[in-house]
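These protein sequence lines are chains A and B, in that order.
Take the first sequence: its position 53, counted from the start at 1, is 53 in this note's numbering, and no numbers get skipped.
Numbering-wise, this note's numbering comes out as the position in the second sequence, counting from 1, plus 123.
Derived by calculation from the structure, the hints in this document are not laboratory data.
Honestly, I wouldn't trust all of these hints.
[To be verified] Only part of the chain A face toward chain B is listed, based on derived beta-carbon distances under 7 angstroms:
hint : residue
1    : M1
2    : G21
3    : A22
4    : T24
5    : S26
6    : V28
7    : N37
8    : S41
9    : S44
10   : N46
11   : F72
12   : T74
13   : P114
14   : F118
15   : I122
The beta carbon of each residue, even a glycine, is placed where N, CA and C say it ideally should be.
Residues per chain, in single letters:
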Amino acid sequence: MYQVKIDPNGATLQLEIQYLGAFTASYVYTLWEANSNAQVSVLSGNNMNSQDDIYPLPSPVSANVGRLIDIFSTLKNATDSDMNGVVRITILQGSVELDSFDEPELLPAGKTVPNQVFINLIS
Amino acid sequence: MKTAVFALVIVCTTISLRVTAQDPQAIKNFYIKKADTTVLQTVTLDFAVPDIPAFKALGIDPSNILRPSNLKQVALMFSNLRSGDKFIVPQNLAVELTPGLLVKPWYTLNEYQSKGGIRWLSKLSASVGSDQDPSTGVNSLSFGFRSVLMDKGDFRLDKAFLDTAIYRYQDNYTMAWVNNRNLVLKNNNITIVQFAAMPQSSQDSILEIARQMTVSQVGFDLDNIVAQSMQDFKAKNWNAPRMDAAYALVMQSPDSLLGSIRLNKHLMWFAWAFRPGKNNRNAQFIFGLNNSLYKANGKFYNEFTGNFRFYIGKNRLKALAEAQYQNMDHPMTGRTETLYAQIGVELAIYKSIWIHFGTGFLNALDGTARSQLLGNLNLYFSFPENFKLF
Numbered sequence: 001m002y003q004v005k006i007d008p009n010g011a012t013l014q015l016e017i018q019y020l021g022a023f024t025a026s027y028v029y030t031l032w033e034a035n036s037n038a039q040v041s042v043l044s045g046n047n048m049n050s051q052d053d054i055y056p057l058p059s060p061v062s063a064n065v066g067r068l069i070d071i072f073s074t075l076k077n078a079t080d081s082d083m084n085g086v087v088r089i090t091i092l093q094g095s096v097e098l099d100s101f102d103e104p105e106l107l108p109a110g111k112t113v114p115n116q117v118f119i120n121l122i123s
Numbered sequence: 124m125k126t127a128v129f130a131l132v133i134v135c136t137t138i139s140l141r142v143t144a145q146d147p148q149a150i151k152n153f154y155i156k157k158a159d160t161t162v163l164q165t166v167t168l169d170f171a172v173p174d175i176p177a178f179k180a181l182g183i184d185p186s187n188i189l190r191p192s193n194l195k196q197v198a199l200m201f202s203n204l205r206s207g208d209k210f211i212v213p214q215n216l217a218v219e220l221t222p223g224l225l226v227k228p229w230y231t232l233n234e235y236q237s238k239g240g241i242r243w244l245s246k247l248s249a250s251v252g253s254d255q256d257p258s259t260g261v262n263s264l265s266f267g268f269r270s271v272l273m274d275k276g277d278f279r280l281d282k283a284f285l286d287t288a289i290y291r292y293q294d295n296y297t298m299a300w301v302n303n304r305n306l307v308l309k310n311n312n313i314t315i316v317q318f319a320a321m322p323q324s325s326q327d328s329i330l331e332i333a334r335q336m337t338v339s340q341v342g343f344d345l346d347n348i349v350a351q352s353m354q355d356f357k358a359k360n361w362n363a364p365r366m367d368a369a370y371a372l373v374m375q376s377p378d379s380l381l382g383s384i385r386l387n388k389h390l391m392w393f394a395w396a397f398r399p400g401k402n403n404r405n406a407q408f409i410f411g412l413n414n415s416l417y418k419a420n421g422k423f424y425n426e427f428t429g430n431f432r433f434y435i436g437k438n439r440l441k442a443l444a445e446a447q448y449q450n451m452d453h454p455m456t457g458r459t460e461t462l463y464a465q466i467g468v469e470l471a472i473y474k475s476i477w478i479h480f481g482t483g484f485l486n487a488l489d490g491t492a493r494s495q496l497l498g499n500l501n502l503y504f505s506f507p508e509n510f511k512l513f
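Next up, chain A with everything else stripped away, as it sits in the complex (with noise of 0.2 angstroms):
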């Protein structure tokens, strides 16, 4: 689980899904209540068109600490060799990176590879 500080009193969150590699990709981003099972929104894509998979965060920025990001993706190589992919979420908050996470992955020929990233946010 990665930890994100944030300013509460600073410019809207944004987070970017980003797959590196050519293979098909479809998430499930879900943003968890700080402390408990409640979501406060799941929304969902894929890697067809990259320019859509940036998600501004709830306002007020400050009612975003603790809360939790969980972006659920699956990989899928439908070609016949095994191949490298990334998933990539970046953080920004206005116009400034605040964090960016690579996890990278091995494809099997064939395969579909589950990925979870977590990330706290923090003041």
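Mind docking chain B on chain A? Use the hints.
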């Protein structure tokens, strides 16, 4: 039925061997092939660009090919080139390097789709092989490169196919999987924060339970359903335009020292397959070139082969017309040039066992011989590489 087919195979194999045994050595190469499944559908003359050119150049077929998947493994392998303070030619080295497996990808799927340079790099492979002739003690070392210059049959470029045959299932499967994961957590009184803090092996166990629930819930396994879509895609795009090229060089040394090694041979392969019309699914043109330049008695000699084929047919019955030009320089006999043309039919009798009926003419272009009819009926069988009778 299987017994009858097996008996037919044995009888026909006997006929095939008898027919080819009467042919000149060169002709055997045209009619007997041990082909892989890809080659099987497209080749009678040798149009295939080798998958691993370094081994093809050495004429070896190693059973244990090393395919390192990180740069550390590559460095370890090439440390074998050193013995004490000297660099040596390693014996029986067989390595295939794919940059796509060695480096972390830096491009997205969208960039792969729009940039030809990225596709070229991701499909580039390099190979290194070595061999020792037990009778002469000569050591050979070969380096090869293979690349796909163009491939219109790459499903990742077909956005409509990706959308309808993969994302449509993968998106639902992913959503169901994560919902089932959350259900398992809830049923076991595990909060998401506790789950996120668990060791990877515990997370994996929960994910596997959730995956099995997902397969039951959605009614399909993602890998199986995509594999079926891929088979359909390949069947529809078997004749999609494609261009492959490969190059290999061979160096030889009379002893094991790398310092004594000398360049001995260059080999180049090129194949271009395309269909007559954008929407044609029944025919294919294949154009192939193969050139080798080898050294003998201090001088380089050339061998060149150009092939052209037209293929038409469906599934298990195909007709073909093909031509081949070949010239060979020889230290003793000088240059010989031949032109070969053939028409034929190929019929799949059982799975990937094919019979070929063909007739062709071989013409020596130096005027010493008239056209020779090579045979009015030839039978041959193409077996997959992993085919075993027993």
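Status of the hints after comparison with the structure:
no.	hint	verdict
1	M1	4 angstroms, holds
2	G21	4 angstroms, holds
3	A22	4 angstroms, holds
4	T24	5 angstroms, holds
5	S26	4 angstroms, holds
6	V28	4 angstroms, holds
7	N37	6 angstroms, holds
8	S41	14 angstroms, violated
9	S44	6 angstroms, holds
10	N46	5 angstroms, holds
11	F72	4 angstroms, holds
12	T74	5 angstroms, holds
13	P114	6 angstroms, holds
14	F118	4 angstroms, holds
15	I122	13 angstroms, violated
Hint violations for this structure: numbers 8, 15, all remaining hints satisfied.
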